[in-house]
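Engineer: One line per chain: the protein sequences are W and V, in this order. Quick note: the first sequence uses the working numbering, first residue 1, plus one each step. Quick note: the second sequence uses the working numbering, first residue 1, plus one each step.
Worth flagging that the hints you see were computed from the coordinates, not collected in a lab. Model, not experiment: these values are computed from the prediction. A portion of the hints provided could be inaccurate.
[Said to hold, decoys possible] Among the chain W residues that face chain V by a calculated CB cut under 10 Å, a handful are:
(1) Thr168
(2) Arg231
(3) Phe237
(4) Gln248
(5) Gln257
(6) Tyr262
(7) Leu300
(8) Arg308
Where a beta carbon is used, it is the ideal one built from N, C-alpha and C, also for glycine.
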Amino acid sequence: MSLTILAGGLLSSVQGRTRIGWRHLGVGGSGALDAFSFAVANLLAGNVADAATIEITLAGPRLHFDDAARIAICGAEIDANVDGQALPSWRRIDIPAGSELRLGTCRRGARAYLAIAGGLDIECVLGSPSTDLRAGFGGVAGRTLQAGDRLDWAGGFHPQCERAVIDTRWIDPAPDLDFSAAPIIHVLPAGDALANAEALFTGTWKVGTASNRQGLRLEGAQLQIADPRERISEPVFPGTLQLPPDGQPILLLADAQTHGGYPRIGHVIHADWPRLAQLRAGDSLRFVPCDARQAQQKRLEQRQRLARMAIAIAAKG
Amino acid sequence: MSSAFNVETLGEDALLLRFGHAIDPQTNRRVHACAAALARQRPPWLLDIVPAFSTLALAIDVEAFNDSSEPLADARRWLESLDPGRPGADIDEDARRHEIPLHYGGEHGPDLEALARHAGLSVAQVIALHTAVEYRVGMLGFAPGFPYLIGMDERLSMPRHATPRTRVQAGSVGIAGAQTGIYPGTGPGGWQIIGRTDAILFDATQERPALLEPGDRVRFIDIDARQESSS
Chain W
1 MSLTILAGGL LSSVQGRTRI GWRHLGVGGS GALDAFSFAV ANLLAGNVAD
51 AATIEITLAG PRLHFDDAAR IAICGAEIDA NVDGQALPSW RRIDIPAGSE
101 LRLGTCRRGA RAYLAIAGGL DIECVLGSPS TDLRAGFGGV AGRTLQAGDR
151 LDWAGGFHPQ CERAVIDTRW IDPAPDLDFS AAPIIHVLPA GDALANAEAL
201 FTGTWKVGTA SNRQGLRLEG AQLQIADPRE RISEPVFPGT LQLPPDGQPI
251 LLLADAQTHG GYPRIGHVIH ADWPRLAQLR AGDSLRFVPC DARQAQQKRL
301 EQRQRLARMA IAIAAKG
Chain V
1 MSSAFNVETL GEDALLLRFG HAIDPQTNRR VHACAAALAR QRPPWLLDIV
51 PAFSTLALAI DVEAFNDSSE PLADARRWLE SLDPGRPGAD IDEDARRHEI
101 PLHYGGEHGP DLEALARHAG LSVAQVIALH TAVEYRVGML GFAPGFPYLI
151 GMDERLSMPR HATPRTRVQA GSVGIAGAQT GIYPGTGPGG WQIIGRTDAI
201 LFDATQERPA LLEPGDRVRF IDIDARQESS S
């Protein structure tokens, strides 16, 4: 079973589970930036929640399906059609062999996930199929998808249809994703205090244009570190809020480097990472302080919502 | 083994063990000794053990814990219960040793002469000082397989370029401040480049993808000098 990329889109890459266990060698985690939409897309397609998918950024690719496929598109609100027939997100869709799937622009949000029943058949590198775009390995030759790339998926499901068949049932991504307002992002305290502790939590932050899978560059009030001495490099992780000397924080995402020398001023909780992945340049966000108990509560609630979705999707076959 | 370090939290699923605040060989040896001890007793929920110069991060799989437990508190208790293991000085028995052959200067080391001028030394003296000592891999970071080597002669210290080069060749050996390191891949970089090796520093398809691992010991060999003396 295979498909051919006709046009790669702005920045499309194969992303699956996080690459774990190699940070001591300077290898970051990579993987789906919005792990929630990624998991739902896989569940709708009938996959395990962490099968390899195509992550789409802002403007999607065009794909030719050599074989019939069951697919799902989740995440950003994205224009999608198969041979002229509009396709909704958050649903199971069967498409016939020979279909041309066009993924257009994201109207709201920044990242969408295309899952295919069976999961993309991608060779794992260091335990994961995910593309490490900075280091140049994983996925398809360690790079973004380009016209001419062929992707295979494991067979096993062969929908019989002459045109796209859209399931009537759909998943509501709220409250995990909500594109209607600036998101509220919960922050755990970190080791380096600000001169004015409240400054992070007053006012809104705007996402800068230099943002990417490595991190969001935030623009807003100029922050000052209480102890401005120079630091040596220490481990950092996705979710870490760093403060460079210019006073404008950088919020690290899935492609975060493994070590950094800037002060750490906070850590965004896991449950809010999907919302971060959906922010685009010019969008705003707000931070609120949070403690470990709330972080755990929100993580468990999100996991339970995903578990309920998995049961509902499986039960309806 | 809790007396050797302070424990800080990094968000909801990582701990930071702090052995100090500066780059010094003794502190770094304790980091690597602790990392090795933890690796020997590694529980399944310990996803990553990430050494740095004076700190060691532990990434924890919080999903592996009971929903009603506090994973980071449980991980701290596990740390406190550990057998302290062998003292840190013993890691030298385990540390792998490497000899890295280098071409110094010329097209391979475009900054070698400027560094010699900066240091007030001859090019030959710079090479002699750079090859004289055994370095320790303090940590890997910046890019996969990029080693930050500790132990360089202080006379070779030089700040990095104010504006980074847009293209540094894979295998280039550079100096930044008091550290020396090797670029595993070709790309932009700001270190003062004094030489280059043909050794492959990182190959993601290999079972041990990085040539140099945290705590390893490294010597540089001036291959051009060796060839001259043997001819």
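Engineer: Are there hints from earlier that the structure breaks, and if so, what are their numbers?
Structural biologist: Checked against the structure, the hints that fail are numbers 1, 4, 6, 8, while the rest are satisfied.
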